[in-house]
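Protein chains in written order, with the working numbering: chain Y, 12 to 325; chain F, 12 to 325.
Hints were generated in silico from the structure; no laboratory data involved.
Among the clues, some could well be false.
As the list makes no split between identical chains, a pair holds if one copy fits it or if it spans any two.
[As the list claims (entries may be wrong)] Mimicking DSBU-like on lysine-lysine, the simulated pairs with C-alpha atoms at most 35 Å apart in a straight line are:
1) K216 with K99
2) K208 with K260
3) K81 with K191
4) K155 with K115
5) K78 with K157
6) K216 with K81
7) K78 with K155
8) K216 with K78
What you are looking at is a predicted structure, and each value in this text was computed from that prediction instead of being measured.
There are 2 protein chains.
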Amino acid sequence: MTEVIRDVLMVGTGPSALTAAIYTTREDIDTILYERATIGGLAATTDMIDNYPGFPEGVPGMELAEKFEKQVARFGAQIDFGDISSVKREDEYLVVEVDGQPVKTRSVLIATGSDYKKLGIPGEAELYGRGAHYCATCDGAFYKEKKLAVVGGGNSAVQEAIFLTRYASHIDLLVRSSVKASEVLQEDLQKYVDAGKITVHLETKPLEITEEGGRASGVIIEGPEGTQTLNVDAVFVFVGLIPNSGFLKDSDVTLDETGLVVTNERFETSMPGVFASGDVRSGAVRQVVSAAGEGAAVALTIREYIDDLKRRGL
Amino acid sequence: MTEVIRDVLMVGTGPSALTAAIYTTREDIDTILYERATIGGLAATTDMIDNYPGFPEGVPGMELAEKFEKQVARFGAQIDFGDISSVKREDEYLVVEVDGQPVKTRSVLIATGSDYKKLGIPGEAELYGRGAHYCATCDGAFYKEKKLAVVGGGNSAVQEAIFLTRYASHIDLLVRSSVKASEVLQEDLQKYVDAGKITVHLETKPLEITEEGGRASGVIIEGPEGTQTLNVDAVFVFVGLIPNSGFLKDSDVTLDETGLVVTNERFETSMPGVFASGDVRSGAVRQVVSAAGEGAAVALTIREYIDDLKRRGL
Chain Y
12 MTEVIRDVLM
22 VGTGPSALTA
32 AIYTTREDID
42 TILYERATIG
52 GLAATTDMID
62 NYPGFPEGVP
72 GMELAEKFEK
82 QVARFGAQID
92 FGDISSVKRE
102 DEYLVVEVDG
112 QPVKTRSVLI
122 ATGSDYKKLG
132 IPGEAELYGR
142 GAHYCATCDG
152 AFYKEKKLAV
162 VGGGNSAVQE
172 AIFLTRYASH
182 IDLLVRSSVK
192 ASEVLQEDLQ
202 KYVDAGKITV
212 HLETKPLEIT
222 EEGGRASGVI
232 IEGPEGTQTL
242 NVDAVFVFVG
252 LIPNSGFLKD
262 SDVTLDETGL
272 VVTNERFETS
282 MPGVFASGDV
292 RSGAVRQVVS
302 AAGEGAAVAL
312 TIREYIDDLK
322 RRGL
Chain F
12 MTEVIRDVLM
22 VGTGPSALTA
32 AIYTTREDID
42 TILYERATIG
52 GLAATTDMID
62 NYPGFPEGVP
72 GMELAEKFEK
82 QVARFGAQID
92 FGDISSVKRE
102 DEYLVVEVDG
112 QPVKTRSVLI
122 ATGSDYKKLG
132 IPGEAELYGR
142 GAHYCATCDG
152 AFYKEKKLAV
162 VGGGNSAVQE
172 AIFLTRYASH
182 IDLLVRSSVK
192 ASEVLQEDLQ
202 KYVDAGKITV
212 HLETKPLEIT
222 EEGGRASGVI
232 IEGPEGTQTL
242 NVDAVFVFVG
252 LIPNSGFLKD
262 SDVTLDETGL
272 VVTNERFETS
282 MPGVFASGDV
292 RSGAVRQVVS
302 AAGEGAAVAL
312 TIREYIDDLK
322 RRGL
């Protein structure tokens, strides 16, 4: 029985991995992708993507993901379902544990993305993309002259609340304890509070996002003044990011303090033969087209790496 | 008369500038783009783009460029024709010379791309994209089991000729004088010559690309053995790249030894308020989706820069 050794094994099937696979398979580089949950990643679960260039009227995330997948299939990439638990080097190959079984490969692309931390309250999952949001750059523009609630008290919550004032008529900022953002941001926030654009609710937690006609209609909050309902058109949640990098914790791949994979500008990680691109990468801007663009770039680096290995007879 | 001060002035209208403009205008940042020749840049002049994710069957370059432009127009960006001759700082603003007239702006995005150096022989322009090519990663896959000619003797010509052997049945490498590529590449090349995959023609120049039925049918060459016609399905030309950065030569923007704009990973150049993305940037991989991805990323950096200026009352 001949042992199969892959040229490149990609972990994840979001825009970054699928784009990388378009490039590698189009160049006849043997490529396998493993997905744990949904092909297309976070993009596939997005209601409407307005800023992926090439779709002037916007495109539903699921439809875009299907187009990516179809393009990959056309060039012959293999997509399998499987859960990755570790990446190790054994002599000249890398060994990736897939559902407990070792798979040998010459190179690995980590493109597992990041998940937004959720509140875990009623209405949140049901209204995802229709009033429950996690990305201001992506979805803020849908709420011109609307009322919003923003959840969180850290740097990103305050920064995104200020950013959203360019669209929203008013923002309720819901902070669990006190505002933890930097002094500069807090001073900035105060200006918007003084101008009546942002109202800060301290020691306040959201209990439920309410719905009307399939869209968010408000948020029920509990604070010093008891329980009340704020009438808002959407709730933007910024309480943290969870990079999908847990399977790397015992590997030689360096992660930053938040768990994102550290790479150089050629998308090489600290572990030879292991590359990373897209939202799991430290420094990524978390936009579909940027993740895709990095996928094309990392594919060129991977091609060079594999050509070099083969030149040396490995 | 009130003087108009732009938030961001973009030089170029290729995939990188258009994507950046989708992002900035969608966020209501006042944006103007200047184009010297064709809206859509090099992408617009490409016959068929096979590897831009989201178009499973490929998309004609002109059609993709039109989609980008339509999307930009939807968010309200202004595109004007004009030739940029300099970028200078005057007190708190940047001044860009457009057709000899000064235009004031808070920030500048340089996304002018690069042009491939041409041979300037008959048939080359006429058969562009249909047998005359300048990018192996983009167009090599269209020539599986076909015969190709590659023009050039430097590192990129030898590297791309070797790369193209994964598709082509045979390659004629046309070298004006002698092979100038690195020793490693020359050793590598020798293996392909020994295997009969590549034939090297030294002291040889192409005179004309011949046509049959609207596609390239061969190349007429002149060498030590006189003039002859090689029957090939396409000619790939790798004789150099011309970054469109001439207008920056008296500016504070640092260029690398080939004339490409040097940036850090946030796409900032050495000149405050001036940013660069896409094929004019040193380190760019020269793929449409990567240029677009960088456009989204640089737009986020520009937004931060402008927000910071305005916070300081500038």
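Evaluation of the provided hints:
For the homomeric pair K216 and K99, neither the shortest alpha-carbon distance inside one copy (43 Å) nor that between copies (50 Å) is at most 35 Å. In this homomeric assembly, K208 and K260 never come within 35 Å of each other (Cα to Cα): the closest approach is 43 Å inside a single copy and 45 Å across copies. When the C-alpha separation of K81 and K191 is checked against a cutoff of 35 Å, the pair qualifies neither within a copy, at 45 Å, nor between copies, at 42 Å. Within a single copy, K155 and K115 get their C-alpha atoms only as close as 51 Å, which misses the 35 Å cut-off; across copies the closest is 29 Å, which meets it.
When the C-alpha separation of K78 and K157 is checked against a cutoff of 35 Å, the pair qualifies both within a copy, at 33 Å, and between copies, at 29 Å. With identical chains, the CA atoms of K216 and K81 are never at most 35 Å apart, being 43 Å at best within one copy and 42 Å at best between copies. For the identical chains of this complex, K78 and K155 are neighbours both inside a copy (30 Å) and across copies (24 Å), given an alpha-carbon limit of 35 Å. For the homomeric pair K216 and K78, neither the shortest alpha-carbon distance inside one copy (40 Å) nor that between copies (43 Å) is at most 35 Å.
The structure fails hints 1, 2, 3, 6 and 8 (numbered hints given earlier, in ascending order).
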